[in-house]
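Chains as they are written, first to last, in the numbering used here: chain A, 35 to 379; chain B, 7 to 280.
Hints in this document: simulated from the structure, not taken from any laboratory. Be aware that one or more of the hints could be misleading.
[Said to hold, decoys possible] Here are the simulated lysine-lysine pairs, DSS-like style, with alpha carbons at most 30 Å apart:
| hint | chain 1 | residue 1 | chain 2 | residue 2 |
| --- | --- | --- | --- | --- |
| 1 | B | LYS95 | A | LYS112 |
| 2 | A | LYS260 | B | LYS228 |
| 3 | A | LYS188 | B | LYS259 |
| 4 | A | LYS260 | B | LYS259 |
| 5 | B | LYS259 | A | LYS328 |
| 6 | A | LYS246 | B | LYS257 |
| 7 | B | LYS274 | A | LYS328 |
| 8 | A | LYS299 | B | LYS15 |
| 9 | A | LYS299 | B | LYS29 |
| 10 | B | LYS46 | A | LYS143 |
| 11 | B | LYS228 | A | LYS368 |
So you can see what is in the structure, the chains are spelled out below.
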Amino acid sequence: MTQKLFITRENLKKLIQSLKKDCDEFIAPKIEHLDDIVFGDTRNNGEELLDYEGNSIISPRAFLLPQTELLFEIRSAKNCDLIPIEDKKKRVFYGVRPCDIKALVLMRKFFLDEFVDEPYQQKLERSTFIALACGKRCLDKSFCHIIGSGPMAKEGFDLQLIPIRRGYLVEIGSKKGKSIINKHKKLFSKALAQDDREIKKMLENFAEESKKMDFRGLARIMREDKVKTAIWDDIGLRCVVCSGCITLCPTCSCFSIMDRLNGDKGVRLRYCDGCPYAGFTRMAGDNAPFPLHKDHIRRFFEHKLNVDVERYGTPSCVGCGRCIQTCPGNISIKEFIERVIGVTE
Amino acid sequence: MSNEYLPRKAVIEAVVDDTPDTKTFTLRLREKDAGAFRYKPGQFLMLSLVGSGEAPFTFASSPSRDGRFQVSVRNVGTLTHALHQLKEKDIVGVRGPYGNTFPLDKIKHKDILFVAGGCGIAVLRPLIQYVFKNRKDHGRVEIIYGCRSPKDIFYKEEIKSWANNPNSNVYLTVDEPDEPWGGACGVVCVLLPKIKLNPKTAIVFLCGPAVMIKFAIKDILKLGFKEQNIYASLERYMKCGIGKCGHCCIKGKYVCLDGPNFSYAQMKKLGIDA
């Protein structure tokens, strides 16, 4: 383990106050409604949770690829006068769980690869990510420890906080993170040997329950189309196209683009779209290359567990369990993995 | 940084009614470096009419003209219906060019078979024009084109002129013949036995409805053509054209980036089988 720093809870609160001064939005976990944990801007209301159990209902993806996002202001539809709408807000994301950090690493690769998606890039460049490692497992539906995205983030954060009894260990993940430390040197001290031992023990506890998943084997089976038809039939039968999975998934990135006009002026916007919908692949003249419902939802599984293994060498299901928790038809990507390959020790 | 989603303005220079439900637009970029819009046969562009939407369309003309290019549009949906209302001097937005090109190196000195159905001819037209422009570099060229009825045939005059090229032939067929039609009748497959190409080395290009591609490939393979020499131009719903929106993804391949032109060997891997 690289050399780590330490911060007390009190000092962490001070750090947060200082970071808030230097950003437009401080996106942090907070409690909403009864006891739901959601990410929201807490810059001016101080509602952020320093630490929390489990994970947020919606991943921080919602701030980088919002449900609807204005791309252009239409000055004149007739003349095709479009002015890009830039999001210049500087955001600090605090308390992001390691699974969502891994999702961000993948989304960054995806949106900046080959053709750069400028709207996403702009928001990403102006953002700082402070990860919060998991001291214990969250939902029984999550499986980050099997898929290898938790309980600690390996990359993709600027700073990572690891909870220990006397406060937090701090790991630096980027230049941005380093400069935050340099600016607030007084708030940090050196980590002690006992802190490292505590983390080691925490990881061992996780490891005891952890079985590693053969994700390459799974991808191969899917690529060769050897998943039993009965499994796809079952998933197709259970999916009611509520779109909960694609809304909550931290690595879902599909969208559509549309124009809203009022007279000759308006906006061109993009909104999240997804494979479960029949209209996602249907073309003009009712030409549907994927006519069967089970083939629509199948794309979700293929993307996460097969396509991205080939493309990025890792599944883009990060095991957060949100899709499982939300599905009214009890479709479980975890169970799918178990049914197809079992989980190997 | 440049925003890839920002369309460039193009002005409509001419509109021609090709068939009762198809118009061909001649477009030209408004900006000064109009010539910079360089594309190769097989590529496509994203055409938008602000307020009505944006969709992928193929370049329907060969890329040699001074910044001018053509797009053929069949009136089938919301956007295409709106496009059909446009007139000369109206402005549309264009982005691109996107997608891969037809394998131009591979067709040198080879026999070539084109099989088109309906508006699929628009996709193949830039390549056909390219081949006839460089006639000496290519072997025998045969074109099979099927339509619903005689009045649905695109580019009628130009197609007649294609048959006048040396060592070339054009075969037409329609599903529903009318009175003066004396030609072949039925799907494109009925004309395949007539072709006189060397199936071992000839390159085949197909574009048309999915069902036509499926059955034509089946018959073409029976004639002894090679899987890796058969190319089809696929059509998918797209919103971005740059591999982000996810609509056109088939088993990890993006029709907009890895396609739209795939060999039959590649198509089989994508689960698109004849």
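The hints, checked one at a time:
no. : hint                   : verdict
1   : B/LYS95 with A/LYS112  : 11 Å, holds
2   : A/LYS260 with B/LYS228 : 28 Å, holds
3   : A/LYS188 with B/LYS259 : 29 Å, holds
4   : A/LYS260 with B/LYS259 : 19 Å, holds
5   : B/LYS259 with A/LYS328 : 20 Å, holds
6   : A/LYS246 with B/LYS257 : 25 Å, holds
7   : B/LYS274 with A/LYS328 : 20 Å, holds
8   : A/LYS299 with B/LYS15  : 17 Å, holds
9   : A/LYS299 with B/LYS29  : 27 Å, holds
10  : B/LYS46 with A/LYS143  : 28 Å, holds
11  : B/LYS228 with A/LYS368 : 45 Å, violated
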